[in-house]
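Protein chains: 2
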Amino acid sequence: MYDPDLDALLAPVRPDLERVESLLCATLDQVEEPLGPSLRRFFAGGKRLRPALVILVGRLFGPLPPASYKLAAAIEVLHAATLIHDDVLDRATMRRGQETLHVTWSTNAAVLAGDCLLARAMVLSGEIAAAGTPEVMVRLAESLCTICAGEICQTLAPHRDHSREAYYRRIEGKTASLCAVTAETAGLLAGADPSQSAALRRFGHELGIAYQIVDDVLDLAGDEGQTGKPSGKDLCCGLVTLPVLSYLESSKESSRENAEGENPVETVLRGQCDAAHVRAAIKAIRASGAVESALQEARDHAARAQEALEALPDTSARQTLHALTHYITCRAH
Amino acid sequence: MYDPDLDALLAPVRPDLERVESLLCATLDQVEEPLGPSLRRFFAGGKRLRPALVILVGRLFGPLPPASYKLAAAIEVLHAATLIHDDVLDRATMRRGQETLHVTWSTNAAVLAGDCLLARAMVLSGEIAAAGTPEVMVRLAESLCTICAGEICQTLAPHRDHSREAYYRRIEGKTASLCAVTAETAGLLAGADPSQSAALRRFGHELGIAYQIVDDVLDLAGDEGQTGKPSGKDLCCGLVTLPVLSYLESSKESSRENAEGENPVETVLRGQCDAAHVRAAIKAIRASGAVESALQEARDHAARAQEALEALPDTSARQTLHALTHYITCRAH
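Which chain is which? The protein sequence lines are S and E, in order. In this text, residue positions in the first sequence follow our numbering: the first is 3, and each later residue adds one. In this text, residue positions in the second sequence follow our numbering: the first is 3, and each later residue adds one.
No wet-lab data here; the hints were simulated from the structure.
Pairs count within a copy or across copies, as identical chains cannot be separated in the list.
Here are the simulated SDA-like pairs of lysine to any residue, each with C-alpha atoms no more than 25 angstroms apart in a straight line:
{"no.": "1", "residue 1": "176", "residue 2": "34"}
{"no.": "2", "residue 1": "176", "residue 2": "110"}
{"no.": "3", "residue 1": "235", "residue 2": "110"}
{"no.": "4", "residue 1": "235", "residue 2": "108"}
{"no.": "5", "residue 1": "176", "residue 2": "32"}
{"no.": "6", "residue 1": "176", "residue 2": "108"}
{"no.": "7", "residue 1": "176", "residue 2": "35"}
{"no.": "8", "residue 1": "235", "residue 2": "101"}
{"no.": "9", "residue 1": "235", "residue 2": "273"}
{"no.": "10", "residue 1": "285", "residue 2": "223"}
{"no.": "11", "residue 1": "176", "residue 2": "36"}
{"no.": "12", "residue 1": "176", "residue 2": "31"}
Just chain S, with the same shape it has in the complex (with noise of 0.2 angstroms):
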């Protein structure tokens, strides 16, 4: 989705970011048909957030390494690859504003779709390999088995986990983890040392958290003409994100009850997931103050992002990512 204030945040690494954008249009192309033509949807849908660290990361240490077009893409494809398959994994029905592939197409065509990218992404890695630097490989595909260990988690394990360290386990796995090594493998390509390795997986990682904070907020807080995603589709999911933590942290003091005598987000989190319920959740949550004080968490870890990056040349791609990480807990979308 088109944000001017990215937009104008990302200008200095404008003509880089087209480079990426014809790699990925060129491995979209090598996707089979039919499925070439939806993925290109797909993608016009992203805001290329983890090939613009890779650029500004890249940029840190002088002029850009080639092998950072590569990454970029390679990390953006293994990225789309997961929200296929996770949308697969939730029913999600909309992402990015659009209708998700498994309902325009078919659940197989998604899941086929995801795979294919996968395969994509493993070309891509698998060439910057080849280039020399081999760990780029090693640190994905161990990030890859993060995602899905916490997918397998979130999805098969009996019970769920309501506390904050599961929350916080969580977004680690979904969102962090790629963020740190998208931070950590651009610096390696530009020759990082290994404290500056170090800082820029920190960075990547209270980055990530951060991001996906903002992200859950967004899911009871945002517009959905904005976020491209039904508001509270989370919480109908049965998945406790930080605001709706603190919001039952918090009911537990002061007692916060609906018609029928029950706490309204307990209801929605029972299942009862009609739009009349969802709304009464949604306002209970923001009436609370649960809303500021997630927010608050996020803007917290964005800080200690920012920290990260004093360990790390002081060029104006930093300042950039510095930016770029108080664009992130101030976004719409």
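Given the coordinates of chain S, work out where chain E should sit on it, guided by the hints.
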């Protein structure tokens, strides 16, 4: 499934295969609960033909390169991932004599299991790349792309192409491409020169084609207790395999009609998949000589695979590869 003939054939490389088995166990141990035990049962049913290929090809050139064990494990894990997703796409209920994962668990579990195994295969091949042979990674990834492209055509193409060319294209994608890459990458690790690499590719390709034709014959002429799959499964999915093609070609000449005045195979292909119709179709195919004619075609490909071996060092490993090729066209499952 245990087969004493295959067991005797592979006796000389049993210790190597045991090491691959340990690596596979270690890999599966890293899969998040609760998926681990189901995957261990799934793996227990495999014949390990691809690992055997890796080991035998490696031994053609002298002492086995240490990375061969990892390559064998990576390929077996990749293969398992594609089988699990393939069963989701086909809605298959049985595989390797057991209920398929998406039946025992759910489609979600099977999608995740496949993803998780793809990620593990990526880690293993990333480690091979890091140890100095990144080409292996690229080849495996390209083979996964070919497998996905084949599945996209088979599953999503609006019209089914029932020609012999389409059949060969499909089994090239489904089976022969990974067998070709298995033999080729095993040779790459062992220092095969370009002409030996080409011979290995050709060997793997022809072996894979022969293997898949026999597999397709077993769907119609095999014993369900031995194949571990219900007979006529492909036919019920509308898949026209080589014996079916041979039957349809010959039935154009001599008219063969059932009580409804229709060719019994076409009845099933049109979606009449109750047990009586499937039995009648299988009986008609078996009686027509189409099974024998397809097996002859498999034997021709096996002979070409054996011819390709002649360009490779004359060792006991080569004799075993020769015998393995013969075994494949004579196996009962």
